[in-house]
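Undergrad: If you want the building blocks of each chain, they are given just below.
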Amino acid sequence: MHGMPGASPMAHVSDHDTAHLAAIVASSADAILSTTTDGSIRSWNAACERMLGYSATEMIGRPVADIIPAELHEQARDIRDRIATGESVESFETVLLSKQGRPIEVSMTYSPVRNPQAAVVGISAIIRDVTLTKKAERGAAMLAAIVASSSDGVVSKTLDGTITSWNKSAERIFGFSEEEMINRSIRTIIPLERQAEEDRILATVVSGEIIDNFETIRLRKDGALIDVSVTVSPVRDSHGRIIGASKIVRDITDKRQTREQLRTLLAEVNHRSKNLLSLVQAIARQMTRRGRPLDLERFLQRLQAIASNQDLLIQNDWRFIPLGGLVRSQLGAFSDLVGNRIAIDGPEIELTPEAAQAIGMAVHELATNAAKYGALSNDDGHVTLRWVRDGDDLEMIWRESGGPAVSPPTHSGFGSRVISDMVGAGLDGMVDVDFAPAGLRWHLRCPLQRLSRGSIHARR
Amino acid sequence: MPVADKINVLIVEDDPMIGFDLSVELEEAGFNVVGVAPTVAKALHLLERQRCDLAVLDVNLGQETSAPIARALIAAGVPFVAVTGYAVDQCPEEFATAPLLSKPFQTARLVATLKRQLHQ
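Sequence lines, in order, name chains A and B.
375 is the number that this note's numbering gives to position 375 of the first sequence; each next residue is one higher, with no gaps.
Throughout, this note's numbering is defined as the position within the second sequence, counted from one, plus 460.
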């Protein structure tokens, strides 16, 4: 706001000059109107009619408020008052209403109109329609906001690789700030051994092609290498010439890690399933030693016992099998007896899958034997299964009572080898099986270290 | 046959049942099994105390691999056979020169492979 040159009173104006000036105003491409100091329209050129739809005959003499939205009336009066005191207002952005009632965004420049005595007698206004400019500005602002808030890094560069923009996510991904990167080479974030990639990328961009989701490795400010997916598109000027490239960078470290985890998991599944087949093979082989025919029912029961271990393992994210859960699962066929004829007691210990398999098989064989010959073969025998931690060892005791009189087996079958040799050797422990006439007693002592993955997994 | 004339074999296997089965099978095939070790520590402990002519190594021992045992055996000039459920390319480099049997395998194949190792 300042006094404009030409706003000073014109002392010597001929009629000829006046007509000439009037012609300029009338034919101006900009809409020009004038009002009295109290806001009554005095002149209205052809551009006003084109912009606002009213003709000069319609408007001259009407209050200028007719083309101003009601909520802006007060603001318009304030401006009028300021111009009346001799001020000028330049490029004031506001809204006018067309004859159809459509709001038009305009930029207005107001000047006082003075008489030969320099008194302000009116106001002139030059009006520019800025609807298109505003729309473009809003569009650009929206795009800028999208880029700024994108979770992907968005970077632009010239054809020689000089960075011209660098958004917040690029800062987050690479650790370099916008100030650090503008005008620096994109090669800053490319590892030495991958510099040739940039030559290929630029050549592709220059040819007008897009590089879509190219997975590569880039360098962070802290020197760390990160996995990224890059999409590079050419940027063209208004004549269609390629003047640079825009780059969208996504950090795919997580994705790669997930892929690697999956590969590891598949290798693990491969290993475990083959091990499981070896186990089935071992059981079948041991059950048919010395030409003994395969007892298919017992074989299938044993497979079922192994399968139930697998369920417990999966329930605990493939990390461990709880000893209490294992024992209850292996005694599943006798679950109605647990709590009355079968007593189970012991602290919770998280077993490795291998240890769980050995103990699970032993408990399965003990229970099967008890149901066939021992304390669970009649109606009133009892079984207690207790385990305790004793220093660095586990002490586990299976004791039967009230069953038929026990006599030692005449030959050593699969079951008895499982509860003695197999579990003992497998757990690095000692097994004592006592076929006492009053009831079988099985005693296992083995290092806790062989059962759990570190002592932190063994808690009460 | 007296034990002194037999070939001493160390079995490294973390699965108790499979280890047990292997030891029964190899004993039956005429070998003397000096022990079934489910861990690296146990295997190295046995190797220090027992004369060992051959070894069967399960590559994956749950929490660890038997690579340190393979190194000790190579250093001592004791031949060994690797057995694994993993694909060949997933085994540590220590097993690159040893014969590899994929689980499950038949005892006859293991015995034949062990004997071939012994005569090399």
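Rather than coming from a laboratory, the hints here were simulated on the basis of the structure.
Just so it is clear, the structure is predicted and the values come from calculations on it, not from any experiment.
Cβ atoms here follow ideal geometry from the backbone N, Cα and C, with glycine treated the same way.
Honestly, I wouldn't trust all of these hints.
[What the hints assert, rightly or not] Cross-link-like lysine to any residue pairs, in silico, SDA-like; alpha carbons within 20 Å at most:
hint, chain 1, residue 1, chain 2, residue 2
1, A, K274, B, K502
2, B, K466, A, L448
3, B, K502, B, A547
[Said to hold, decoys possible] Partial pick of chain B residues on the chain A-facing surface, computed with a CB cut under 7 Å:
hint, residue
4, D475
5, I478
6, V496
7, C512
8, Y546
9, Q550
10, P552
11, P564
[Stated by the list, open to error] Residues from chain A that face chain B, not an exhaustive set, calculated with beta carbons under 10 Å:
hint, residue
12, G39
13, Q75
14, R77
15, K274
16, L277
17, P293
18, Q357
Undergrad: Each hint: holds or not?
TA: Here is what the structure says about each hint:
{"no.": "1", "hint": "A/K274 - B/K502", "in the structure": "violated, 24 Å"}
{"no.": "2", "hint": "B/K466 - A/L448", "in the structure": "violated, 34 Å"}
{"no.": "3", "hint": "B/K502 - B/A547", "in the structure": "violated, 26 Å"}
{"no.": "4", "hint": "D475", "in the structure": "holds, 6 Å"}
{"no.": "5", "hint": "I478", "in the structure": "holds, 5 Å"}
{"no.": "6", "hint": "V496", "in the structure": "holds, 5 Å"}
{"no.": "7", "hint": "C512", "in the structure": "violated, 17 Å"}
{"no.": "8", "hint": "Y546", "in the structure": "holds, 5 Å"}
{"no.": "9", "hint": "Q550", "in the structure": "holds, 6 Å"}
{"no.": "10", "hint": "P552", "in the structure": "violated, 13 Å"}
{"no.": "11", "hint": "P564", "in the structure": "holds, 4 Å"}
{"no.": "12", "hint": "G39", "in the structure": "violated, 88 Å"}
{"no.": "13", "hint": "Q75", "in the structure": "violated, 77 Å"}
{"no.": "14", "hint": "R77", "in the structure": "violated, 85 Å"}
{"no.": "15", "hint": "K274", "in the structure": "holds, 3 Å"}
{"no.": "16", "hint": "L277", "in the structure": "holds, 5 Å"}
{"no.": "17", "hint": "P293", "in the structure": "violated, 18 Å"}
{"no.": "18", "hint": "Q357", "in the structure": "holds, 7 Å"}
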